Amino acid sequence: MSGRREQLVAAFREARETGDPALLAEAALALPRGQGFGAHPGEVPAYLHEALLAATDDRTRARLLAGLARAWVYGGEAARAADFAAGAQELAAGLDDPALTADVLDAALLARWGPDDFAERVRLAARLETVSAHLADPEARLTAHLWRLTTAWECLDLVSVRRQLRGLELLDAEAGSPRVTFFARSRQAMHALVAGDLDLAAALLDEVVEVGRTLAEADVEAVVHSLAADLARQRGDTGALRAEAAGFEGYGDAEGIVSVLAEAAVFWLDAGEPDRAGAVVDRLPRPAELPEDVDLLLTVSCVAYVAAATGRADLAAECADVLTPYAGRAVLNAAAVSFHGVVDDALARATDDPSRQAAALAAYRRIGARWWADRLGAPPAAAAPVRRRAHLRPSGETWTVGWEGATFPLPDLRGLHHLRQLLANPGVEVAAADLAGAAGGPRDADLGPVLDDAARRAYGVRLAELDAEIEEADAWSDTGRSERAVLERQALLEELGRATGLAGRDRRSGATAERARTAVRKTIAAVLARVERRDPAFARLLRDTVRTGTVCVAEPDPARPVAWVLSAESPAP
Amino acid sequence: MTTDTTDTGPRNTASRTNQELAAELVRFLETNVPPEGLFADDLFTDFTMPLWRLQAEGRDAGVRIRTDGHPGGGRVPRTRLDDTSTGFLLEVEEEWEDRGQTWYCRELMRCDVTDGTVTQISVYCTGDWDEATVARHRETVALSRP
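Quick note, the sequences are listed as chains A and B, same order. Going by the numbering used here, the final residue of the first sequence carries number 573, and the count climbs one at a time with no gaps. Going by the numbering used here, the final residue of the second sequence carries number 146, and the count climbs one at a time with no gaps.
Chain A with its partners taken away, still in its complex shape (with noise of 0.2 Å):
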């Protein structure tokens, strides 16, 4: 039994000599403090059912019943804690009591602090906010804020991650309370690890490991070591990690705890012993049988690495099942204590899916996670489309159309012309008027917004999926599929074709720019129809390719790269 703790049960026993319930309650609340996380509760529980039977009246009890909660859930065993957390609130609804409904929505959350509860603690954790903003007390104000800061890491909302560590920023400088700088400090520096800022993660755990020196708090040890690990993992400091992970192992081999013990095997396996970090993850549970609590995905991700990183396929693919559905989520250490990746690198690593790999990349370049995306590397390259050569050029008195060994005769259409300017400069705007202009018509300077590129390339790749989705209808002679599939294209490219003028503001164009746009479009139009008539997929993709409005460009596609022939001499094939 630590220090800290034995003190703590010697009150609650004094308490319990002077038969005052009130007194018997305040020591029993104060037990969890001495309590490890993951660690056994011990007599905690006892004790605090001991206090409840005695106590006189609601509040009271629910304090207690939220204390039950609490203690089980430090104690690793969350699933006893759903209904101690259940009978608190249940309590605490019939009193009108701010302070007391935090205590209780902490319970809750601690009660839910499985991956599967995820949506239902990100409401509650966001109502503890409005309540404790409204309290005085700063240990409720703390606890709201890293709530809050908890679910905003778990789903990567980095505004709100910077919002809730400024809030213990500015705690910080109004409470002047240690326990305040430990916990604002400590996730200060855990952000400054997410973000790669070496140094001032740094300078930020020396600060966390003097004020933690103040404080009888029993998780003070396994935050410094954390983020001591972190900063000697991101610096390449072997010697450091090495320490740690000898730490961290005799820690959760002498306390049980099987996510200190997975974590302990990444920092031998990133120390450059593999082999001890094997041997650590052979002797864990199976990832099926862990328990959906709070441990569950730093658990599972930390025995994928090693896994995967050893050889371990069978237990890769074990750990691959249990994370699948909680891709897109960060991994973290309990309350943001430190960022373990995100859910999609482990499935990269035990799945050799480059798709997850991907996605863990966008994650990390979302959040401006440099060293977790270096690590994880460049998303192996797509197999390149094939380069298709396609003719638009005049060839004589006529045009020659159409994708290379099955071109066309066209006449010589104004439109054709506009094609091939738009074509020959892929991606820049040219003005209607410049097009018209350029066989003689007026021009317009004053010519309005045009859809921006991010948008269009959505609409690119969904004008891609819908070719292929047509293409693959038709080979299967799904009518019904194909002709939804052409329905959602047409109205598609008659939305692109209206966004042109940005989300319905007013076109800005003037009369001769109205023209020159509708003239560019109607002889576009003509060439489409005509080239329609001899290959329907080779309009097709000039459609797609070819924007008209006040302002025209080619967009070319990459999933369909053409090369262009568009110069007067037929070239080498």
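Please keep in mind that the hints were generated in silico from the structure rather than gathered at the bench. All of these numbers come straight from a predicted model, not from anything done at the bench. There is no bait here: all hints are sound.
Covered stretches of chain A, as calculated for chain B (at least 3 residues, CB under 8 Å):
1. 119-127
2. 148-162
3. 318-331
Even for Gly, the Cβ is constructed at its ideal location relative to N, Cα and C.
Guided by the hints, dock chain B onto chain A, whose structure is given.
Structure of chain B alone, referenced to chain A:
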């Protein structure tokens, strides 16, 4: 000490990052009071609801679309921010109390940013779900990524 030195968010042309603008936008959603400088004077608002669409020219008119439809004092339990070539995309969940119950909605907001202020905002909203709708949805739909 602040963590500002670890900011990795792309900066727009003025001093404020998309992260900072998004945080101010969240604050606006929670309070119905637009932070100073969040929206440009000539803000263009394009607001799409499930079965209706509104547009407004100017900051005050855009803010009125919001305040006319939502009481202040709500919560934004979660967001997702993505940078775009013209600004940012913010996905939010909202909760608020009104007429004796808790309401819920999800919204996607595409913001164009010029000189550190939002000049155009396109909002797509699920509409307001009352408690009965939230409960019915929870009972009938199992979301794979809630």
